Structures are given as C-alpha cells and as structure tokens.
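Participant: Chains as they are written, first to last, in our numbering: chain A, 74 to 508; chain B, 4 to 489; chain C, 37 to 128.
If you're looking for bench data, these hints aren't it; they were derived computationally from the structure.
Here the structure is a predicted model, which means the values were calculated and not measured.
Glycine included, C-beta positions come from ideal geometry on N, C-alpha and C.
Hints may be right or wrong, so weigh each one.
No more than 27 Å apart at the CA atoms, straight line, and that leaves these computed lysine-lysine pairs for DSSO-like [to be verified]:
(1) C:109 to B:22
(2) B:133 to A:120
(3) C:109 to A:120
(4) C:44 to A:114
(5) C:44 to B:218
(6) C:109 to A:114
(7) C:109 to A:361
(8) A:361 to B:133
(9) B:83 to A:114
Per the computed footprint, the stretches of chain C lying under chain B, defined by three or more beta-carbons under 8 Å from a beta-carbon of chain B, are [what the hints assert, rightly or not]:
(10) 94-106
(11) 116-122
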Amino acid sequence: MSENTLFIAENPNGKPADASLVVGLGDLVLTPDMPTSAGSKMLAGFKSLFPARVAERLQAAGHHIAGKVNIGEFGFDFLGETSWFGPVTNGSGSLTTAAAQLLAATSVDAVVGLDVNGTEARAAALAGQVHVKPTYGCVSRFGTVAIACSGETVDITARSAETAQRILDALAGHDDADGTSLPESECARVTSDGFDQAATAGEVFAAPVAHVKVARGLADTADDDTKRLLDAALDALRAEGVAVSDTAPATDELLKVASTAWNILMCAELCNNVNRFEGMKYGYQAEKCQSIDELYTRSRTEAFGALTKTAILYGSEVLAADNYDRCYDKALRIRRLVSDAIANELAGSATSGEAAGQTAIILPACAKRSYSCDDVEANPYLVFDENRFTAPAAISGLPAVVAGGVQVIGAPFSDVALLRLGDVLASAVSAGKEA
Amino acid sequence: MTAYETVIGLEVHVELATKSKIFCSCENGSDAEPNTHVCPACCGMPGMLPVANRQVVNLGMTAGMMLNCDINRTTTFDKKSYYYPDLPASYQTTQWFAPVAVNGCVTIDTPNGPKDIRIKQIHMEEDAGKLVHDNLTFTTLVDFNRTSVPLIEIVSQPDLRNADEVEAYLERLRTLLRFAKVSSARMEKGTMRADVNLSVRPAGSDELGVRTEMKNMASIAAIRRAIEYETARHIDAIENGTEELVQETRGWNDDAGQSFSMRTKETAGDYRYFPDPNIMPVVIDDEWYDRIRASLPELPEAKRERYMTEVGLSDYDADMLVQSRAFCDCFEGAVEAGAAPKDAANWIITNCAGVLNKRGMTSDELPVPGNALGQLIALVNDGKLSSANGKRLLETLFDLSETEEGIPDDVAALADAEGLLNSSDTGALEAVVAAVIAADPETAQAYRDGREKALNPLFGACMKELKGKCDTQVLRELLISELMKS
Amino acid sequence: MDRDTLLKLEQLNQLSLTPQEQDETLAFFAAREADWEALAEIDTENVERMVYVRPMVNVLREDVAAQPFSRDKLLAQAPESMDGYWQVPQVL
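Chain A extracted, bound-state conformation (with noise of 0.2 Å):
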C-alpha cells in the first residue's frame, strides 16, 4: 500500500478530447470497468455486473471519469482514515480526504460518492472547497454500496459552486431502479433550469435565501477558529444583504441529539447492510475453513477494520428484542422531531423585508480547522460525535451545502439556492484570505 492512494483504480479508457469535466467515482459507486472495494479489504478488487445510475448518468453528459477514489471503509468514518488503502493526508500534514486532495492538488474537477455520514462534507470544509448533499431522493443511488439508506445520498464536491451544480445537473433525475428515487418532476427542481422555471412560478423553494439562522447550540461546541470563520461567514452575508437571526433554543436542543440518533439509525443499517459481506459468494474469503461459521467468522473479522466491528456491533445491539424501543424506535422518533424542528425554522421566518427569499440554517461542518492523524488514533470513535454537525442533514435526508468552511441546510429542493448561497460565502472566504 503506498502513502496517500488517492484513486485506487484508474479508468483505463483514457480521457477524450471532448469530454466536459473530470470526475472521480467515490469508491462506494460501482463500476464494471474498475474494481469497487469500498475501503475495505472485504471488497478489495470487486468487480460490479454493472454501473451505478450515476456513473452512466455522468458520461450521458459527457463528463469523463477519472477513476475510483479511496475513501473509508463503507464511507462512514471521519476523515477517510479507516480505509484498507490507507489515511490521506495534505500537504501541511493534516488528515484529509482522497477526494479533497485530488481537487486540491489534481486536475480532477469533481469527485461523485456516496455520503453516509458526512465524511467529505468535513474533508470540504477544511479544505475550502464546495460539497453538496442533494435532497434525498433527487439522485438515484442505484449502483452505490448500501450502508445506510433511510438517510444516505449521492454527494458530490468541487472545487467551486458552479462546477459542483453542473455535476448536479447531470446527475438529478428520476430512477425507476430505486424505489425512493422522487418523480421526474421533483428530481428536476434542484437543476439549474428546473430551479430557474420554478423560480420564475415563484415557488417557495427556488427563492434565493434572504435569511440565515445560526445553529448556535451546536456552533457554539466548535473550536474559536471555527467560530470565527463562521462570524466571518455570517458578516459576509449580511453584507449581501442577507438577514442573520438564530435557531429557537428548543430546536437547538433537538439538533444536538441528531447525532446519537442517527449514530443508532446509521449503525443498525450498516450492520444489516454489510451482513451481505460474509466472505461466501464474493470478496475476501478466509482461507482452510472447516464449517460454515468459522468461514464467515473468521473471513469478516479477518476483513473488516476495528471502527466498522464496533458499528456493526452498536447496530445489531440497538436492534435487539430488548433495545428496539428504547433505542431503534426512540431513534425514529427523534429523526421525525428533528425534522419538524428543521422544518418550522425554514418555514416560519417570513416578515416583510423577507418575503422575496427563503430561510436556511448555517453552522459549521466539523469543530476544528484541521485535524491529524493523532487525532483519530487517539479517539477512533471520534466521528460518532464530530458527525453532530453533519447529522441533523443526514437524519432528516434535507440538502445540506459546504461551502467557505460553514455549511448550510435548506428545505427540500433548495438545493440550486443553497449552492448559490455556497458561491457567495466561497467568494467571502478566499476575499478573506487576499485580504
């Protein structure tokens, strides 16, 4: 395994002369022409029947891809540490993401994945580069590696707004082959030009946002570094003209247990999820097996790294007969409060001044500017607490945008909005920087 694999498989069709942008596959996308091994020993060098919706979606458009980029086992860790491929790390030495380096060091213009847990939404906002995670249902996700699909969507992160919207572009639309994928018509919405044409109906969802509502609660539990890119952020906006207020204390409350629900959700559906991977029909085997269970013993304790054991462990725990209730259920139960929290802030913010724009809540996507390697070694479990800034988008499957190191969450199919609100906190940041 060599330092720093950022693709762990190239496409051997080399890039045409026409194609549009570069584009790599997050390993949890499958292909037919490169190995899928989602981070994990377990699936090293499988090879997918067929691709994902995406990927065809994207070569449809004319965009070429590049190859598979290295992420962390089954995509749910924090930075892309776990991987069977190893930790990536930037130039400065801090922990990083595959996909972040490669748009901060390559000529890769976008990296397309799957986001579970809100891995590369972090690894953007330490980088300064533009993530989206889409309206759940707006991208198919047939063709992704199922880990936990109540709340997982295709993702996608650029360097800028507008090449992460052209992607999104190419891949919004509807799926018969997912049965959660949303009609036609809904898909279209977080297009630019289903964006624009609903905008000019005067939908609600395609009103550029005219209000920010702090997530104080949880800003408040990030670093003073974090903070103050944040207040950098909030000053940015209000120059534009946009108005800045807070969350209700009572949805702040809501939003810090997004995580410990989602942790239960996200978990019990890994565990379910990669039960699949057994070392049988596919994929690593453990060798001179006398019985069945030892086979599947020994092939997935073999295979799987320390932090997917213990999720699969916390997911098959919170299900249990004796624990669904208080745990599963109480999880699902939550997921409808935090949502409803959500909600009501998007919705009820309209005074005068802000009739014309729409409201999105603002906090930041990880508590410190940077993180090492130390840091997870030391606190292996870290992401099931630092993921309380990206939880509140997964549990409730809203669009959630990083850009200039903060991240925004907006209300369905306000994605086209959010990514524009992202262009202009993206420009606020780098001005920052020159100046």
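Given chain A's structure and the hints, the job is docking chains B and C onto it.
Facilitator: The following block gives chains B and C in isolation, referenced to the frame of chain A:
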C-alpha cells in the same frame, strides 16, 4: 391416567404464482438449472435496490380475503437478519410490523361438524435459496434460483387439535389458494410448506405446554407422522420425565420417523427486525381493495351447487369439475361458447383429464381455454370432426399451448389446417365406398345375406382409406345403402 | 454490556474481537448509555416514527420477468464454486 390434548398451530409458506420475483425482475421458476434465474440483487451482490412486485401485493390481498382476513390498508416491509448460505443478503425482507392481512378464519369439516380455525396473520416475504449437499466433496452447493421468489406465510392460531384437523386445514388452504390462483400450493413441489408448532397439555387445561416447532414439512403424510411422534414424545416427557421439554426448533426425519433437535446458537432467535427504508409503504385505497374483492372466485362449494341445480350436472360430474379451478374455468367457458353442459363436462373429465394424466400434468394445469373446447365440441357434434380426430385436435391444443403463439382463436380453422376435418366431398366418399365393396365382394355378400357384423370390416376399410376424416354416421348410412343397391 | 454479552453479540454478527478490541468496544458501549439516557429524556410519546425521509407510497413495479444475468459472470468472483453452484464447507 391423565388425558392429554395436543395443541397445534401451523405456519404455512406458499410460493406465489407470479412471473417474476418479489424484489427483482428475475423469472420466478426455481426448477431451472442452478443459478440461472439470478441477478446481482438475488445473489447478494451490492448495488441493487428492492422494488416490490405489485402482483405480490395483489395475491397477498387475495389470499387474505379468501381466508376472511382484515386487510391492513397500510402494509410495510421489514428486514430480518440471520446468516445462512441460502440467504445471500444475510437478511430476509418480510413483514413484521404491518402484515398485509390479519384476523382471518378458515372453516374445516370435522367428525363433530364444522370448526373455525383462526388465522393470526398473512405476511408477504421472499423465499430463500436451496442447498445441495455434495457427498463426493463433502461440501454444500448453493443455488439462488429460489431466492426472492415471493411467498406468503399464513400463520394460524393454535386451534388445531389432531392430525385429521391439520390435514383438513391444509387441504382447505390448498383449495382456496388454488381457486384464487394465488399459488399452485403443491407440497410435493415445495410450493406449499408447513411449520408445525405443537404442545401438549392435560385435557381441559387453559395453559399451553412447552411448544416445539418442526420446520419445512413437505407432505401431509409426514406431518401426520410427525404430529403423532411429537405428541407421544411430549406426553412421555411429561408423564415419565424422560427428558426436559424445551422450546426449540426441531427437524423431522421422515425416514427414521423421528424428530431431532436442531443445533441452535444461544443467541439465535433475535432477528433484529427493522423497517426497510428502501421500500415505501403500500397503501391500499378503496378502489384497489374493491378491485381485488371483485376478482375473488366463486368458492368450489357454491360452484358445485350451481352446476347441479342451475346447470343440471350430476353430482359426480360437479364433484369432478370443482376439484380444479382450471376445470371450472374451461367448463364455464365451453358452455358459454355454446357447448351442452353434459358434453363439456364429459370432454373435460374424460378426454382432457386423460391428456393431462398422460403428460404428467395436474388438473390445475389444463391449458385449454373453454372457448376452444366449446368450438371443438361443436365441430364433433356437427359431424365435421370425428370423435377420434377431436381427441387428436385436443392433443394439438395442448401442444400449441406450450408454443409462443399459443392456442388460436379459431379452432375450426386450426382443425382444417391440420387436415383433421371430415371430408365434405360426397363424391369422394361414394368412390371410396364403391372401391371397398368392389375389393371385398365376399364380405359384401355376407352382409347382404344377413350377417350384420360383416359391415364392420367394410366400415373399417373405408375409415382407413379416408384417414378417419368423415362423419361416421354419414359413412355408415352410405355404406349400407350402397351394399343394398348392388 | 459485559464481556459475556459482548461475546454473544460477536457470535450473532459473525465476528471475533481481540481482547483489546473488546475493551475498546466495551468502552464505546458504556459511553452510549449516556446517549440513550439523553434520548430517553425527550418526550416522544405522541410522535410518529419517521422511517422514510421523503415519503411516497406504492412504489411498485409490474410483474414482468427480465432476461437473466450470466451465471458465469455471477460466479466469476466466487471464492469457491462447482458445477454452477457457489460452494461452501458442508452445512449439516
């Protein structure tokens, strides 16, 4: 001596008669070559997402209504986790929280009169694959053709008391499900399988004894033997303390006539059920509910009664027909096409059944539509088709049913194209009769001399010459008149 | 969660942790108790469960059979196969 009562509940798994599997588009047909009806989804590869088959819901509702259940107007799918080589995703998608049908009831006949067996619930789920044990390599081979074939599981309350009642219950289920075309419900083919939950208690007690479950019983005879064996084992344990009864899953070895404890891990039995977020709830509105309700078949008892009182069939004929939904459909279609009920019944019970038997098919597999049989009967009755060629035509219809084109609408045209119709050319008929008489003057003279049996070889010779293609009544009359002329 | 319970949980999930992994996992589980207590304090008595974040109903497909996949391709990545079957140690 204490009298004991056996308390039995059944969980009956029934494979649904759909074209495709429940969550992927693979063909539903597990008899094929191993692993030829499989795709990445049903062999547990990553990436595919489940999309439920509408017809599975239709058949689940149909079964629920046939068994007098309440239909849950919102029904959902859940995941059940366990490891076994025949379960490629290591979870089964089933219904745990909101099954399609609940609170039903099936009435069976017992020596003490009719008895209601309550149905707790019916849920829809996917079947598992098949394991083949290879004794040369001492390995197990895995076939996923049956994986994700749609099933319903019919869970009864513990209302059954002996093997006779269990048999009556299973036969009643089989009849109702076949009549509603929910399933072929054939235990010998594995499209119907039963888990037997059994406990024993002193007669008159309200408390249930320790329950054991015998899984995947594949014939009614085996179930009878297992119930007898297991009842005796329980009583022996209670009376003589031969062993401590524990709640467990047991296998049944029909060759040895014994049940045996299946090694289960201490931790097994907690399946970690939770709702599948990839499969949206199924909401059954009034329109859908009413449509399924309207599609339910007339029950066999009602048909039998109607065939006798309104249609005028004998009780024998009516009994024979109502054994099979396909027989009833064919019969009613033939009558609607103009056939006399008695003729239609005879053709089905005698000729169709004969062909089915010869081809190793069951009565439910009768492939001939009533309209086609009605046309065939009319051709015979009108003298356009000999009875023997009618049977040949019936075979042709069976053959064609297995082709892509299927059975044509116009059976007369088919008979004509096949060259089976009687010749309508009386000149040709007369020429044949004349030639036959000329070729055998001695027999002809014997007939004229009063030996009536002498007609038979002459008639046979004519039929041979005509290759059977004539109205036998017309031939007979012509032959006699020609003989008497000369 | 004690070591015996954890061992059963491992078995149920076909895993076998090292003593060190067990220690770490037990510590993780112990920390989750506080999480669960925090959730318990939130009143969810009359709150509807949210399984689906963008609810739809009756997402069903028609009962049409598709062409099968190639068995050879499906089996090509099997660690062990024989005569068109996946092959595993004998299951009794």
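Participant: Are the hints correct? Go through all of them and say.
Facilitator: Results of checking the hints against the structure:
Restraint check for residue 109 of chain C and residue 22 of chain B: satisfied, since their Cα atoms lie roughly 24 Å apart, inside the 27 Å limit. Restraint check: the Cα-Cα separation between residue 133 of chain B and residue 120 of chain A comes to about 25 Å, which is no more than 27 Å; the hinted pair holds. Proximity of residue 109 of chain C to residue 120 of chain A is assessed by CA-CA distance (about 10 Å); at most 27 Å being required, the pair is judged to hold. For the proposed pair residue 44 of chain C and residue 114 of chain A, the alpha carbon gap of about 25 Å is at most 27 Å, so the pair holds.
Restraint check for residue 44 of chain C and residue 218 of chain B: satisfied, since their Cα atoms lie roughly 25 Å apart, inside the 27 Å limit. Distance check on the hinted pair: residue 109 of chain C and residue 114 of chain A sit about 22 Å apart at the alpha-carbon level, within 27 Å; holds. The hinted pair formed by residue 109 of chain C and residue 361 of chain A meets the criterion: a straight-line CA distance of about 25 Å does not exceed 27 Å. With a C-alpha separation of about 24 Å, the suggested pair residue 361 of chain A and residue 133 of chain B falls inside the 27 Å cut-off, and the hint holds.
Distance restraint check for residue 83 of chain B and residue 114 of chain A: the Cα-Cα separation of roughly 26 Å lies within the 27 Å cut-off, and the hinted pair is therefore satisfied. Taking a C-beta to C-beta cut-off of 8 Å, the stretch 94-106 of chain C contributes 11 residues in contact with chain B, enough for the three needed, and the coverage statement holds. With a cut-off of 8 Å between beta carbons, the stretch 116-122 of chain C has 6 residues touching chain B; three or more are needed, and the interface restraint holds.
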